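Chain order of the listed sequences is A and B. Start counting the first sequence at 1; every next residue gets the next number (my numbering). Start counting the second sequence at 1; every next residue gets the next number (my numbering).
Since the hints were derived computationally from the structure, they do not count as laboratory data. Mixed in with the good hints, there may be bad ones.
To be verified - If the Cβ cut is set under 8 Å, some of the chain A residues that face chain B in the computed set are:
id	residue
1	Ser127
2	Ile226
3	Ser444
Computed from a predicted structure; not experimentally measured. The C-beta atom is built at its ideal place from N, Cα and C for all residues, glycine as well.
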Amino acid sequence: MPTSASVLFCCPHLRLTLRLFNAFPFRFRSIRPLCASHASSFTSGDTAVYNSNSLDKGNSIAHKRHGGLEAFSSPTVENVAIDVNPPRGTRDFPPEEMRLRSWLFQNFREVSALFAFEEVDFPVLESEALFIRKAGEEISEQLYNFEDKGGRRVALRPELTPSLARLVIQKGKALPLPVKWFTIGQCWRYERTTRGRRREHYQWNMDIIGVQGVAAEAELIFSIVILFKRLGITSSDVGFKVSSRKVLQAVLQRYSIPEKLFGKVCIIIDKMDKIPKEEIEKELTMLGIPMEAINGLLQILSLKSVPELEEALGSDADAVDDLKDLFLLIEQYGCSNWIQFDASIVRGLAYYTGVVFEGFDRGGKLRAICGGGRYDQLLSKLGGEDLPACGFGFGDAVIFELLKERGLLPELGPKVDYIVLPLDPQLQGAAAMVASTLREKGRSVDLVLENKRLKWVFKHAERINASKLILVGDSEWQRGMVRVKNLCSREESDLPLHELE
Amino acid sequence: MPTSASVLFCCPHLRLTLRLFNAFPFRFRSIRPLCASHASSFTSGDTAVYNSNSLDKGNSIAHKRHGGLEAFSSPTVENVAIDVNPPRGTRDFPPEEMRLRSWLFQNFREVSALFAFEEVDFPVLESEALFIRKAGEEISEQLYNFEDKGGRRVALRPELTPSLARLVIQKGKALPLPVKWFTIGQCWRYERTTRGRRREHYQWNMDIIGVQGVAAEAELIFSIVILFKRLGITSSDVGFKVSSRKVLQAVLQRYSIPEKLFGKVCIIIDKMDKIPKEEIEKELTMLGIPMEAINGLLQILSLKSVPELEEALGSDADAVDDLKDLFLLIEQYGCSNWIQFDASIVRGLAYYTGVVFELLKERGLLPELGPKVDYIVLPLDPQLQGAAAMVASTLREKGRSVDLVLENKRLKWVFKHAERINASKLILVGDSEWQRGMVRVKNLCSREESDLPLHELE
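Looking at chain A on its own, in the form it has when it is part of the complex (with noise of 0.2 Å):
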């Protein structure tokens, strides 16, 4: 995702610090410290005059003004420090940044509709103890969260899934499944860091409530491929990594090693790329776990295939079956070349019980795409009836990292009908009227609002890419007519009002 853009016009400072005269309503007096054209001194009680022949049309910085009306000054103003930029970790998105992402929603919302699941949203605000686990989950440890105004401990979320399943709760014994519910939302973290990483996100998430089988899973999985490949990325490009967490919990078993410990033994497990493999034996040794078993943990992590881990575990242990179904579902789907067994594969939340995959770019040099898995237990923990789970994040990051790499981001530009523009600004509601006859069939018009020259409005219509442009000029309009030029063609025609389509 392209991050923030400042733009830094004359300014080499990240940080454009503007002060403002906030008085109400909204009063502007800004400083342009190097680049004003207009620019007047910051002086408590001082009063920008602007009167409108001074005004630049191209570039003015409106400031409706007319006769001796002045701008609300008052000598009894505070004067406080705005910055420009969006609060540290987080992203505005003008228009082209805009465009991004609405295309990626739009394929993430359209590949959600071809799986027929449902489109829900959650309060990006929510209890702090959602997402309270004490697993030792570096999600937990970047919490968002604060005491709200009446004392109550609440969270900017920072994932999707607790939400959901909170909601699928709530829903009760009236939500008939299985579910198959999608949503597209903001998660937000919060990290000491100067390193200018981010602090928010959008996450795609995909979840299917009330299917014991990794039938779920597999749908899930392709899901995401049919979004790729929607997106231009091919296997080549990309693939999944599978495991299970019955894995970890068949040699814990072995070991003998209490269940309460799983989660955190996973926790642990997942930073293997991350920290070195002795800090791994360190943290799993802290938690009582016997050398033993965690050599043998190591291990099986090691595995490459699933005869390998068929051999290590017996063909009866559940992790096998789990995934010797899964990937012969993967192979009658046709994406086998997708798909590989990883038994390092383990992902980072505490909650996950069955079938673990990730997306990871195969170039080796971007982080994880997106993660899933099943967690069959997460809506007891919250207080409710545990029904089988699986579900997926993919969030907006990583992805425009690739598509970046592959060349494959799209060239989005805006795109208009009609400019509409009257010669005269007598003409200024004939050309409304025009403007909104193309608007009611169904055609984008720019309407011209102010009086400009012909330069300006084609230099205009070409950064707004607008296909025709109509003059309301006095002569043609007493006809009835206007004139309509066709942009790309050149050509040029007067037609009635009435033949515009």
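Given the structure of chain A, go ahead and fit chain B onto it with the hints provided.
Only chain B this time, still in chain A's reference frame:
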């Protein structure tokens, strides 16, 4: 000027409090106070034992337990109550509500596109400083602000305009004018109330930056008219009351009231229909406004037409110019029956819950939006799950929406399910047909059936 339309949904006040053991990692002890069929007793250390045989295939609470694998219990539990409801004043959007919301937002987007506005977005969290105006606005009193972990004062935005302004300033001279941007975003407030009022709502904002004349205001008003028309709302249902702040300015100037008081006067005046006239007068007096000026103000605010205003303020008054220009444009648009002058309109940037959905409900204009799926695909045998998946895949690559049945389900359930999700066709993947490369396709409306080869499906 940004205009707002917010969404109001019915929200049943169902508050279920559940207690659970907050044990690591996954201990489940659940109480469904009112409708539990599998409720287990709630005592520490109790283990719920479900074995596969007792699972009901239709609506199973699946508890994957094979062999001796137990639920993850722990003797050192903590009891934490999780509320299944969203936080006070906020809403969940299950599928039905989400469809309505998406329908409304889609209309917002399409109208914005008709007017060649571009979509933008900003963080829902902003520096608190962006919103502190100290003019006594309701929006400031109810700011949802707090201190983040780094000690910074931040707020969940109560409105979208300051963020837009911030972005415009950020872009600086690189931004070609005029700017026509729209956004749909969630806004927040915090009021200590037991009344169950909303703390969040979504707002559609349209803004025009860089245009001096009232043609801009006219364009904005007209965009809302188009939106109303699309929703089936007419000028008999709704209208716009229009005035200008310059009216009040003119009056204050006449009585030589200092301009620094202007904002506060507006906020007080805006409360006109909420608090008694005596209160208004009192608050204005407390600002130091002499009674003569107050009377002058109140009198102007009661004017009902632009000619009356012209008489009161004079033809050269800016307020009069603006309004005459605006009404002329609106008339030329053909929208006069939507607009009326009303001098009492001041606008307080108070938090108001929009009435769009209430209005639609009243008029019977709420759309019937249900799910809609092209195909359900059902394997008649678990061995055919992969084959069924392939059929689903083929159809999806052709752009059809497909609900693939992922478990062993009886036909009776499938028909009921098809009705629920409003599927058009049902595809049965059966062994003998599949061996011939065929599937059974059933049209759920016409009830017609036929066998088709995979490549003929569309």
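Comparing the hints with the structure gives:
1. Ser127: holds (6 Å)
2. Ile226: holds (6 Å)
3. Ser444: Holds. Min distance 5 Å.
Of the numbered hints given earlier, the model fails none.
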